[in-house]
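Chains A and B, in that order, are what the protein sequence lines are.
If you read the first sequence in the numbering used here, its first letter stands for residue 25, the second for the next number, and so on.
If you read the second sequence in the numbering used here, its first letter stands for residue 23, the second for the next number, and so on.
Careful: at least some of the hints might be erroneous.
Some residues of chain A that are not near chain B, with every Cβ distance over 12 Å (derived) [stated by the list, open to error]: (1) Gly31; (2) Ala48; (3) Asn71; (4) Arg74; (5) Glu75; (6) Ile77; (7) His78; (8) Asp105; (9) Ile115; (10) Gly128; (11) Lys132; (12) Gly139; (13) Glu141.
If you want a taste of the chain A side facing chain B, the calculated C-beta under 10 Å gives, among others [as the list claims (entries may be wrong)]: (14) Asp33; (15) Thr44; (16) Glu142.
These aren't lab readings, by the way, just hints derived from the structure by calculation.
Ideal Cβ placement from N, Cα and C applies to all residues, glycine included.
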Amino acid sequence: MALRLTGYDEVMAQDLIQSTWITAVRRLESFEWKSTLKTWLIGILINVNREQIHKEQKKKETEQVREDTMISKSGTVSGYDIEQGLIQLPIGYRRVIILHDIEGYQHKEIGAILGIEEGTSKSQLFQARKALRNWLTDNSNEE
Amino acid sequence: MKSKMNHEELTPEERAAFDELSNFKLPPASLEARVINELKNQGLIEKQKTMNIYLKWTASVAASVLIFFAGSYWGKQSIENSDIDPNLAYMLILHEDESFRPGDPMAMFEEYGNWMQDIIDRGIKITGHELDNEAVMVKASSETHFGEEATERTSGYFIVEAESREEALEIARKNPHVKYGGTIELKPYVVR
Chain A
25 MALRLTGYDE
35 VMAQDLIQST
45 WITAVRRLES
55 FEWKSTLKTW
65 LIGILINVNR
75 EQIHKEQKKK
85 ETEQVREDTM
95 ISKSGTVSGY
105 DIEQGLIQLP
115 IGYRRVIILH
125 DIEGYQHKEI
135 GAILGIEEGT
145 SKSQLFQARK
155 ALRNWLTDNS
165 NEE
Chain B
23 MKSKMNHEEL
33 TPEERAAFDE
43 LSNFKLPPAS
53 LEARVINELK
63 NQGLIEKQKT
73 MNIYLKWTAS
83 VAASVLIFFA
93 GSYWGKQSIE
103 NSDIDPNLAY
113 MLILHEDESF
123 RPGDPMAMFE
133 EYGNWMQDII
143 DRGIKITGHE
153 LDNEAVMVKA
163 SSETHFGEEA
173 TERTSGYFIV
183 EAESREEALE
193 IARKNPHVKY
203 GGTIELKPYV
213 VR
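Generate the whole structure from the sequences, applying the supplied hints.
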């Protein structure tokens, strides 16, 4: 998940994990088991990633499209294609689609993790899928 | 064509593509040491007396265990994504009752860490998960709800791939849960 949030930047992902654990240990006293530990940790992971993006100014809310990326032939979509598409999505869309379509969280849980309304999570997922599909369509190497 | 897509649902093909992504990539082994070293450098592991005031034992133990479930760094699905051979699988079910007396949180953190490290060093596959305090006992005639305050509970489980019942038993006996008055139920898988 750290890799996906960081656009598959391994160094950034490892920094993210380290910072997440440090933050988690510092905040353990505030954890009240109202969610599972893992959900709580993922919430921290996402918040640390937000700070990471802000501080390092490496990632922006809308990432630039990689012009040279081509995906598989028309009529098929693979996990690789999805990963390429995810990198192109604005980070807000990417978070929701990772949490829902890859990690399997429900909108209510996503709302709690991201600090947004359940309805906002639904609409973000709708827009995220739309953006992902548009990107996949635009970048498929149809002949 | 784009506008005709139903963005509220994934197509079966897309679902399959997303499912491919559940094959997570493990972080490098060095990351665990790096994280632990940094925690020590920042005094977050060794300042026991200070931490004891704040840490709930469960949080420290769970955190320790989670650290060693490397895959769980990366997402929700990974922890269920073990390739343990059912023919060699044993489930360790962790129970607690009034006699359970958790110890020093940081000591338990270390003990669970050592327990997990020993298992991993021996090349034994392991997975597991914490379980919520809340539970419902369902019978044909009634349903009994147990809440956060329940004194008897099943707090988690591990599944290990052991060469023999004796090896699985050894792993169970060494789990810190037993030392603190908890009970571990060891059950082999049945493969028919």
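Against the structure, the hints:
Non-interface call for Gly31/A relative to chain B: holds, since the shortest CB-CB distance, roughly 14 Å, exceeds 12 Å. A cut-off of 12 Å between C-beta atoms contradicts the statement that Ala48/A is not in contact with chain B; the least separation is 7 Å. Here Asn71/A stays apart from chain B, with its beta-carbon at least about 16 Å from theirs, past the 12 Å limit. Consistency note on Arg74/A: stated as away from chain B, and its beta-carbon is indeed over 12 Å from all of that chain's, at 18 Å minimum.
Against chain B, the non-interface label of Glu75/A holds: every CB pair exceeds 12 Å, the least being about 16 Å. Here Ile77/A stays apart from chain B, with its beta-carbon at least about 18 Å from theirs, past the 12 Å limit. For His78/A, the condition that its CB be more than 12 Å from all CB atoms of chain B holds, with the nearest at approximately 21 Å. The Cβ of Asp105/A does not lie farther than 12 Å from every Cβ of chain B; its closest approach is about 7 Å, which violates its non-interface assignment.
A cut-off of 12 Å between C-beta atoms confirms that Ile115/A is not in contact with chain B; the least separation is 17 Å. Not every CB of chain B lies more than 12 Å from the CB of Gly128/A, the least distance being 6 Å, so the non-interface label is violated. Against the 12 Å criterion, Lys132/A stays outside the reach of chain B, whose nearest CB is about 15 Å from its own CB. The Cβ of Gly139/A lies farther than 12 Å from every Cβ of chain B, with a closest approach of about 18 Å, so its non-interface assignment holds.
Chain B leaves Glu141/A outside its interface by the beta-carbon criterion, the shortest separation being 17 Å against a cut-off of 12 Å. At its closest, the beta carbon of Asp33/A sits 13 Å from a beta carbon of chain B; the interface hint therefore is violated under the 10 Å criterion. The beta carbon of Thr44/A is positioned within 10 Å of a beta carbon in chain B (closest approach about 8 Å), and the interface hint is therefore held. Taking 10 Å as the C-beta contact cut-off toward chain B, the hint placing Glu142/A at the interface is violated, the least distance being around 15 Å.
Hint violations for this structure: numbers 2, 8, 10, 14 and 16, all remaining hints satisfied.
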